[in-house]
Amino acid sequence: MSILRRLLLLLPWRRRAAERDMREELLSIVAMAEDPRELGSLSRAAEDARAQWEWTRLRQVGNDLGYAWKSFRSHRGTTALAFGILTLTLAVGTVTFSVVDAIVLRPLPYTDRDDLVSVARQVRPSDGPGPVSPQQFFAWRDRVQTFDMIGAVVSSGVTRIASDGSSGDLRIGRVTTNLFDVLRVQAVLGRAFLPGDDTPGRDQVVVLTHDVWVRRFAADAGVIGRRIALVDRAAAETMVEVVGVLPPGVVYPASAIQPIDLFRPYVPTERDWMYPLPQAYFVDVIGRLKPRVSLEQARADIERATAAVRSEFGMTGAPIGTAVVMRLHDRIVGKARGWLLLILAGVGCVVLVGCVNASSLLLSRAVSRAREFSTRAALGASRTRLVRTLLAEGFILVFAASATATLFSHWGLGLVKASLPSGLARASTIAIDGRVLVASIAVAVLCGVIAGGASGWRIGRMDLFDHLRSGAAVVGGYRQFRAFGAFLIAEMAFVSALLVATTLLVTSFVAVVTADLGFDRRNVVAIWIQTPVARAVQGDGDRIWTSFFDDVLRRARAVPGVAAVGLIGLGGAPLGGGATRYSLEIPGRGTTPPEDFLETRAVSPEYFSTIGLRVREGRAFTASDVDGAPSVAIINEWAAQRLFAGLKAVGTVVRFNDRPTRIVGIVQDPKIHGPEAASISQLYLPLAQSPMVGILAADPASSFVAAQLVIRATADPYATASAVRQALYPVFGAEKVTVRGMTLDSISAPRSLDDSFWEITEARRFNASLMGAFGLVALVIGAIGVYGTMAFIVAQQTRSIGLRIALGATPSDVIRSVVSAAVWRAGVGIGTGLLIAWASAGLFTSLVFGVEPTDMRPYLVVVAILGSVAFLAALVPARRAARIDPILSLRAE
Amino acid sequence: MEPLYGVVDLIVLRVLRLGPKHGYAIATAIRQHSDDALRVEFGSLYPALKRLELKGWISARWETSEHNRRAKVYRLTAAGNRQLRRETSEWNVFAAGVARLLKPAMTEGD
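Protein chains in written order, with numbering that gives the first Met the number 0: chain A, 0 to 892; chain B, 0 to 109.
Where hints are given, some of them may not hold.
[Unchecked claim] Sample of chain A residues facing chain B (criterion: CB under 8 Å; computed from the structure):
{"id": "1", "residue": "5"}
{"id": "2", "residue": "28"}
{"id": "3", "residue": "38"}
{"id": "4", "residue": "40"}
{"id": "5", "residue": "43"}
{"id": "6", "residue": "44"}
{"id": "7", "residue": "47"}
{"id": "8", "residue": "50"}
[To be verified] Estimated spans, in silico, between C-beta atoms of each pair:
{"id": "9", "chain 1": "B", "residue 1": "58", "chain 2": "A", "residue 2": "371", "range": "46 to 56 Å"}
{"id": "10", "chain 1": "B", "residue 1": "90", "chain 2": "A", "residue 2": "79", "range": "50 to 60 Å"}
{"id": "11", "chain 1": "A", "residue 1": "382", "chain 2": "B", "residue 2": "27", "range": "36 to 46 Å"}
What the hints contain is simulated information worked out from the structure, not anything from laboratory work. Being a predicted model, the structure only gives us computed values, none of them experimental. Just so it is clear, CB atoms sit at the ideal spot from N, CA and C, and this is done for glycine as well.
Please take these sequences and the hints and turn them into a complete structure.
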């Protein structure tokens, strides 16, 4: 009631009426009084009565705000700097957190997501879970009992939309038609896939993610039913019909990076059911468990299905690798968790540095206003009142900064979204949400409390009157500025801890990019070629397709721009795919155990020189290693060390595939799965001695030959690859090969090793640049902090420095004393930060490459960089101090 | 004797219980009813009236007196009556406590 009445009295006319009423009443009372003097001061009574409806507290706050505003205006430089730093750090923090939150933290947008699992395959613990083969998937799909549904995703490279002109690549994925049912996702427009969409000839349909629909089709609902042309890397066009658009935020997120933009049905080929055939592992399996089925039950079910299919095909021996069933979210976030922690820690450091810095600036303002406060105290302001003024100033600054930061973040998010790596999963769902805003304001308030509190504490301890008397000549050395020292140390600690992490990641990234892969990835491109066996067997009907491959190589070599060309079969080209692993029988050692099976590839003689893989010992293959000649093989260094330790590998005759095979050479250990993959035993066979590259289905008519052409171009590899495709069409007769209803691209889209390499290292590049940006921001803020603090201390010490110069101190003495005061504190801070980084090095172990997290060098780099930055930042005010004119300084004030 | 801070409110409410009064009459009534023992300065009384009015414990209305004089007359509201009862009992407890504390038996060195 009282509040309401008082609120009403805020209205000017109510208030005027109340004033009029009061005057009238007081006059009437004076008229009644026998002796008006006994009433005392009526104006005082009116004043006190007025106070009853006044918002006294509020008015005081208003006064405080007024003071704050005045002081901001009179210290424009410091205020602007503190405001700028706070805004910058809060904006950086908000933007980063929003991105990380949208991409990694937020749960998957699927209903009943706890039932969603990823089924993967793991060969060695060091490999982590990996994709499975189509054969395994189909074997499981038809046999599992604990799954409600089981679907699969095959990522099949990039494409462009023809009508789109120059806009960037889109990632295309082939999925089983039931995938969206497994995920329980329904199209917001049109439809998802139907069961018949995966029959050859009916698969020319595409489902768009919401993001692509918005970005590339301007959210046009009329897109459904439209036919669009997809253009692959080699400029080959495929017409597809848009049938549906997925809901926003739903993407297939096998990794947080590289989501699929366009979905097409996966068309199973006949060989996908042929379990005993050599398998390629490129299928991500997603299943939905039946209610109350545990992960362990599901895993046992998968193993049982594997055993069943193996016995159906009469396979003996140990299966390679084991099945892994894990929650989909764990599979997706598992990889990113370490990065996430690191990035959040990084952004935390930046925000802390910014806050400490702003606090220190505010404190310096408060101290330089000691005279103002002394005067106010002398005029009757209480200390609490002064402290409240300071707190008010801190809060105003902080709230203004966080409001501006929110605006900037909004704008910055747009910028960041545009520059994110070629498409992070769920990037379109990035937005500033309430929690981020609350967190940012909480941090801001903390800043305000630190800044205001520290200044207030200082004012509280200051002998204000003494200060007024002495005329502001602060003589007493640096001990006087202990609070600043603490801020400086804290700031340097955060900056150096962050810089250690940044240095480690940047070093790792450089190590990854410059790692010796064992081959030269530049200007090399790979193209899959496949053709029916019937076509490959030409002329004298040679068994191992020698003349067919020779023909392909001859034509490819003749294309202008081709520097070298080789063929690789059985397994994928480097950086592009796995290979089947086979056992080897080594004399005196027996058959290799499953964990030592060798990735086996069949290559033409020119393959090694084409990709620049060096032969360490023995020889490469030659044109005379043909069918009928003695069987030969080449192993890599890792296999030589691991399997032939103590033996001379070259010259040894091993049994491979029940044939005596002589090891004729050892090649350098190629990092075939990327620089960070663990070494693996590899076996190379001459293509001309490898009947297995011809895939023999139950019926010879549906058998086909498949291999990859590896081309080294003199210039643009994709242009060259296009020309090679043109040159090869005569050999293949047609662009498409149809074998018993299966449509096979006779010559697939090319893929350069460089592109594969960048794809493999994309996450690392993104994280390194993100941390690099954080490091830079922190370094700049840190430098400003050192400079600002020292400049302030010098300004405050003008008189004492002037006095010292008058007493004979040389300019270099002065510079030394100022710089050493700064460097000493920076040193303590840097040391603390390095200790923090050292102690948390365990977090980095999985994130660094080519450098130990406890390696001294990054730490020394940080000491050097940060030390010199601190030194230079202190040098400027130090030189200013050295130029102080003693006469002027003593006369000042 | 000047009453304790806060007690003015209680006294004003108690005086108005006897009937509506204007400001000056309230001051006189306090003096008379306490046999001149209590004297509330007008400077304290007047703000108290405004405070009680804002709280809704008393209401005010301009009236014309028998001498044809206009005066602002205050009267106790229902809420004010309840408040008076509450404050009176609190006061009695307080006063009894103070009285016990000040009993001669408590003299020092006993």
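Worksheet item: Any CB of chain B closer than 8 Å to the CB of residue 43 of chain A?
Response: Holds, because the Cβ-Cβ distance from residue 43 of chain A to chain B comes to roughly 5 Å (cut-off 8 Å).
Worksheet item: Should the hint that residue 50 of chain A touches chain B count as held when the rule is a Cβ pair under 8 Å?
Response: 7 Å, holds
Discussion item. Take the shortest C-beta to C-beta distance between residue 40 of chain A and chain B; is it under 8 Å?
Written reply: This interface hint holds because 6 Å falls under the 8 Å limit.
Discussion item. The hint names residue 28 of chain A as touching chain B; please verify it with the least Cβ-Cβ distance against 8 Å.
Written reply: 5 Å, holds
Practice prompt. Closer than 8 Å between Cβ atoms is the bar; does residue 47 of chain A clear it against chain B? Give me holds or violated.
Written response: 4 Å, holds
Fill in: Range agreement (Cβ of residue 27 of chain B with Cβ of residue 382 of chain A, hint 36 to 46 Å)
44 Å, holds
Practice prompt. With 50 to 60 Å as the target window, see if residue 90 of chain B and residue 79 of chain A comply at their CB atoms.
Written response: The hint (50 to 60 Å, Cβ to Cβ) holds, given that residue 90 of chain B and residue 79 of chain A are roughly 58 Å apart.
Fill in: When the least beta-carbon distance from residue 44 of chain A to chain B is tested against 8 Å, hint result
4 Å, holds
Practice prompt. Identify whether the interface hint at residue 38 of chain A stands, where standing means a beta carbon of chain B within less than 8 Å of its own.
Written response: Holds: closest Cβ of chain B sits about 4 Å from residue 38 of chain A, inside 8 Å.
Worksheet item: So the hint says 46 to 56 Å: do the beta-carbon atoms of residue 58 of chain B and residue 371 of chain A match that?
Response: Because 48 Å falls inside the window, the suggested range holds.
Practice prompt. With chain B as the partner, please determine if residue 5 of chain A meets the hint condition of a C-beta pair closer than 8 Å.
Written response: 6 Å, holds
When each numbered hint is compared with the structure, no violation occurs for any of them.
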